[in-house]
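Protein chains in written order, with UniProt numbering: chain W, 1 to 216; chain R, 1 to 216.
Keep in mind that the hints are not guaranteed to be accurate.
It does not matter which identical chain is used: a pair holds within one copy or between any two.
Only pairs whose alpha carbons sit at most 25 Å apart, straight line, appear in this in silico SDA-like list of lysine to any residue [unchecked claim]:
hint	residue 1	residue 2
1	K28	V92
2	K28	H151
3	K28	R97
4	K28	L117
5	K28	D90
6	K19	V92
7	K19	E146
8	K28	V120
9	K19	V178
10	K19	R93
11	K28	S9
12	K19	G155
13	K28	E118
14	K19	S79
15	K19	A147
Derived from the structure by calculation, the hints contain no laboratory data.
If you want the building blocks of each chain, they are given just below.
Number of protein chains: 2
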Amino acid sequence: MAVKREGPSHRQRQALATKEQIAAAGRKLFAERGYVATAITAIAEEADIPVPTIYSAFGNKAAILKGITRQAIAQLDVSRQHEQAREDTDPVRGLRRAAGLQREQFEAMYDVIAVTLEAVRTDAEIAEDLSRIMASRERAFRRHIEAIAEHLAPGTTVDDGVDVYLTLVLPEIYRSLVLERGWSPDRYEAWLADNFVHQLLGAAQAAPAAAGIENP
Amino acid sequence: MAVKREGPSHRQRQALATKEQIAAAGRKLFAERGYVATAITAIAEEADIPVPTIYSAFGNKAAILKGITRQAIAQLDVSRQHEQAREDTDPVRGLRRAAGLQREQFEAMYDVIAVTLEAVRTDAEIAEDLSRIMASRERAFRRHIEAIAEHLAPGTTVDDGVDVYLTLVLPEIYRSLVLERGWSPDRYEAWLADNFVHQLLGAAQAAPAAAGIENP
């Protein structure tokens, strides 16, 4: 008798496809209308999937948003990219890679981040999930700062470095420069990289940032 | 017959005192519970003033928040302080004064700003009022950048400078550094000043900022 263990079954593949369809519809409506204003019934209609199927696939609206977030993070392979930035032997180049990763994340999923920041105000489950994600990001940032500790600017501790890193990558800064002021993602990335280098490693290593991509 | 024009009448003074009492109660409850979750009846109870008096003094909840904001801005004399920072003949000192003004504003009214940012999501009147305030801030920032245009870092236009200025003074940066990461307002002000100088005037004029108040 042949053992049937070669990947997911037809049924599992179907279930996965259904979840992806629901997540895609949810992401679209959340971005358009906001989290609070999007009802499960609207997602059902958008995805052309019956409401009970949505409940059995995800459970509730918070679980749909959490699923969307997890999927977006997984697609970017964030942990591996953090690792590569951290392991770069040149601290300036490592920080520039970290800036590139942030830019990639915002480009790929700023909509999901904005919806999450809206949802935490009213949804305890999302708030808890976001705390977990933020804690894990902070650990990744700290590992990077620890790896370049000997290169930090005089008087800058690892804690100082983490404070500055966490602040420079605020989504509100990306929103301000790229979405409101019309900077290109390239220019945002150069600004962030220059600020990482200047503020963490010291003035000598960085050029002024406001002039944008002309200063790589 | 004596003309009675020596300041406000007893009745006017009473009306003003009532408005101030309502505003103080509103500010307290908005900060504690949020804008949406605070009902006029709760403000009435907190201020110990009848609900109809609140409606006749302000009109609606949005008007109470707008009144609180206007009062906080007026107390800080923001326009005059912007003017003084702009008119400083030394561009570095002028930017440091501007950083001091931002710090003062956040220290005095971060609670009001946070409530306003919550309220704009659901209240069109507050959203419109905030747009007006943001436009007026942007004009003040632009006047400052124009006044120091000849000192801007090579390749930095006035528009670039305004983009950077507006971004560096985001309330989320104050929240992150001071309220979440525990920096003192002094240290935040030094960080902001160093970043104004470095990013707007160029690397040569600024020391690295992460090390905090040791770098004035």
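Practice task
Pop the pair K19 and V92 into one bin, within, between, both or neither, using alpha-carbon distances up to 25 Å.
Solution key: neither (41 Å within a copy, 56 Å between copies)
Exercise for the section: Could you figure out if K28 and L117 sit no more than 25 Å apart (CA to CA) within one copy, between two copies, both or neither? Expected result: both (16 Å within a copy, 24 Å between copies)
Practice task
Since the copies are identical, ignore which copy is meant and state whether K19 and S79 lie within 25 Å (CA to CA) inside a copy, between copies, both or neither.
Solution key: within (24 Å within a copy, 54 Å between copies)
Problem - Identical-chain pair category, K28 with R97, by Cα at 25 Å - result: Classified as neither: same-chain Cα gap 30 Å, cross-chain 45 Å, threshold 25 Å.
Exercise for the section: Pop the pair K19 and V178 into one bin, within, between, both or neither, using alpha-carbon distances up to 25 Å. Expected result: neither (31 Å within a copy, 41 Å between copies)
Exercise for the section: Check K19 against E146 for me: Cα-Cα at most 25 Å, and say if that holds within a copy, between copies, both or neither. Expected result: Answer is neither: 39 Å inside a copy and 53 Å across each miss the 25 Å cutoff.
Exercise for the section: Tell me, please, which holds for K19 and G155 at an alpha-carbon limit of 25 Å: within, between, both or neither? Expected result: neither (50 Å within a copy, 49 Å between copies)
Practice task
With 25 Å as the alpha-carbon cut-off, assign the pair K28 and H151 to within, between, both or neither.
Solution key: For K28 and H151, neither the intra-copy (43 Å) nor the inter-copy (46 Å) Cα distance is at most 25 Å.
Practice task
Indicate which option fits the pair K28, V92 if close means a Cα-Cα distance not exceeding 25 Å: within, between, both or neither.
Solution key: Intra 38 Å, inter 46 Å, cutoff 25 Å: neither.
Practice task
Can you give me the call for K19 and A147, within, between, both or neither, at a CA distance of at most 25 Å?
Solution key: Neither. Shortest intra-copy (39 Å) and inter-copy (56 Å) distances fail the 25 Å Cα cut-off.
Practice task
Classify it for me, K19 with R93: is the Cα-Cα distance of at most 25 Å met within a copy, between copies, both or neither?
Solution key: neither (39 Å within a copy, 57 Å between copies)
Exercise for the section: Measure nothing new, just compare the shortest in-copy and cross-copy C-alpha distances for K28 and S9 to 25 Å and report within, between, both or neither. Expected result: So K28 and S9 fail the 25 Å test inside a copy (29 Å) and across (58 Å) alike.
The structure shown violates the earlier hints numbered 1, 2, 3, 5, 6, 7, 9, 10, 11, 12, 15.
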